[in-house]
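*Asks:* Let chain A serve as the given structure and place chain B on it in line with the hints.
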Amino acid sequence: MSTVLPSSPPSLTSPHSLGPPLWLLFELTYKCPLQCVFCYNPVDFARHSQELPTAQWLRVLREARELGSVQLGLSGGEPLLRDDLEEITAEAHRLGFYTNLITSGVGLTESRLRALQAAGLDHIQISFQDSTREMNDFLSHTRTFELKQRVAGWIKALGYPMVLNCVVHRLNIDHLDSIIDMAVRMGADYLEIANAQYYSWAHVNRDQLLPSRAQLEAAERTMNEWRARLGKRMRILFVVPDYYEERPKRCMNGWGSTFMTVTPDGTALPCHTARMLPGLSFPNVTHNSMREIWFDSEGFNRFRGTGWMKEPCASCEERERDLGGCRCQAYLLAQDPAAADPVCAKSPQHHVVTDAVANAQRPVVSEKPLIFRRREESLALSDEVIR
Amino acid sequence: MSSLNLSDNTRPSIGRGFRLQWEPAQNAHVLLYPEGMVKLNMAAGEILKRCTGELTLGEIVIDLERAFARTGLQDDVTGFLGIAHEKGWVDWEEGDGGDVSDGRWES
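Chains A and B are the protein sequences, given in the same order.
Numbering of the first sequence is given in the numbering used here, commencing with residue 1 and proceeding in unit increments.
Numbering of the second sequence is given in the numbering used here, commencing with residue 1 and proceeding in unit increments.
Calculated from the structure, these hints are not laboratory results.
Each residue gets a CB set at the ideal place from its N, CA and C atoms; glycine is no exception.
Some hints here could point you the wrong way.
Each computed BS3-like pair below joins lysine-lysine, with the alpha-carbon atoms no more than 25 Å apart [stated by the list, open to error]:
#1 B:K87 <-> B:K49
#2 A:K31 <-> B:K87
#3 A:K310 <-> B:K87
#4 A:K346 <-> A:K310
#5 A:K249 <-> A:K346
#6 A:K156 <-> A:K232
Some chain B residues well away from chain A (every beta-carbon gap over 10 Å; in silico) [said to hold, decoys possible]:
#7 N5
#8 L6
#9 D8
#10 E23
#11 V30
#12 L32
#13 E35
#14 T52
#15 R66
#16 A67
#17 Q74
So here's chain A without its partners, still in its complex pose (with noise of 0.2 Å):
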């Protein structure tokens, strides 16, 4: 029998020779009628406001295809503000692509919904974006949770299953209960309870967003309870925050592996957000070919396997399993890309982790007020980033 079984897990991998970008993500544009301040959105991305037009993405969609990229994500901001969402979705279809959109549901009709799946659309996932205001409206029963019942309905009417993403974090965290007890009133299938990820505006707001241990493990109860209620009805998957994990992570399967991002500018990415990254130049889809930014862009190469680790990565006998773990985490908490991710231990600077940790013990942590993603406070915070 085993001749019958498929010879690779059921993910992602590539093996040492590199392998196409199975994974393609357009970000389509920026705009967002949300302003969620956990958003992994660049700080400064009202300074990117440019977006392609339809004939380069389809473009891009083509040559991506060439080289052997088989799954699509439709990301933004928020991707149902590009009117040419459906014929990109109809092109990446006809090219074999698996589509996946991912959305907050704002702004979706039940037409529109029903042109991306004649488009050949293959799978939605709704989010809920805004921390505090479309959190509340949700628990409370207002216009959140009525908008999204109304998309889950035509989303299960068309066959598709119902996807539900929920970020949490120190201010909602508490209301899990809730939170997935409404997931199954709605009839969700599949809920990610995903805990914030401390980059871009979610690094901003760290310290207001950080849970406690407390709160993480009273989280992680409150799910296995409802895990074992629910059974198959609805998976719950749970996510982590990072600066609560053992060991450092993979940063997108391996830098340059298997993932790639367009940015509604064009940038070409290895991770959602790479672009804050000093010293590192990342190619561009108008100027580059798709083979190019893959195989031969410094932005792709710097990082890829192990040859550019400093120690403590570079002998140590995990870094084939972790690949030094995050970029960004290490630009962002150690000020140096080619550092050790400081989640690990052994990082010089792994106190920086430990440190926001204790001090995410405190009943009070911070005074400070919420940064909300928009437009005037990334024109703000990216002035003192250029200062």
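*Replies:* For chain B alone, kept in the frame of chain A given last:
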């Protein structure tokens, strides 16, 4: 949800939310599902590409035995389809159906 419901007359099809296709870049059949992919070996690909909802299990076995000039593949095919059904890769009428996409969050 049991694969015991699999008989010679069952007509397996690819599960909801999954898509089977040949990938030249990987020289393999793959099963795509939300945000994931399973790369199939030759035998798994040959079985699954016959799971169109039109052929019965019996016909699939006969077709495979003819294509590969082999006999006695029934048990292998049945065994594989049982596993594939548990993972949601294939579905068929007699089962309670409906519950697919098992693979989405496997890692």
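*Asks:* Next, verify each hint and record whether it holds.
*Replies:* Hint check:
no.	hint	result
1	B:K87 <-> B:K49	16 Å, holds
2	A:K31 <-> B:K87	38 Å, violated
3	A:K310 <-> B:K87	42 Å, violated
4	A:K346 <-> A:K310	12 Å, holds
5	A:K249 <-> A:K346	14 Å, holds
6	A:K156 <-> A:K232	17 Å, holds
7	N5	17 Å, holds
8	L6	15 Å, holds
9	D8	19 Å, holds
10	E23	6 Å, violated
11	V30	7 Å, violated
12	L32	4 Å, violated
13	E35	6 Å, violated
14	T52	18 Å, holds
15	R66	18 Å, holds
16	A67	15 Å, holds
17	Q74	13 Å, holds
The earlier numbered hints that this structure contradicts are 2, 3, 10, 11, 12 and 13.
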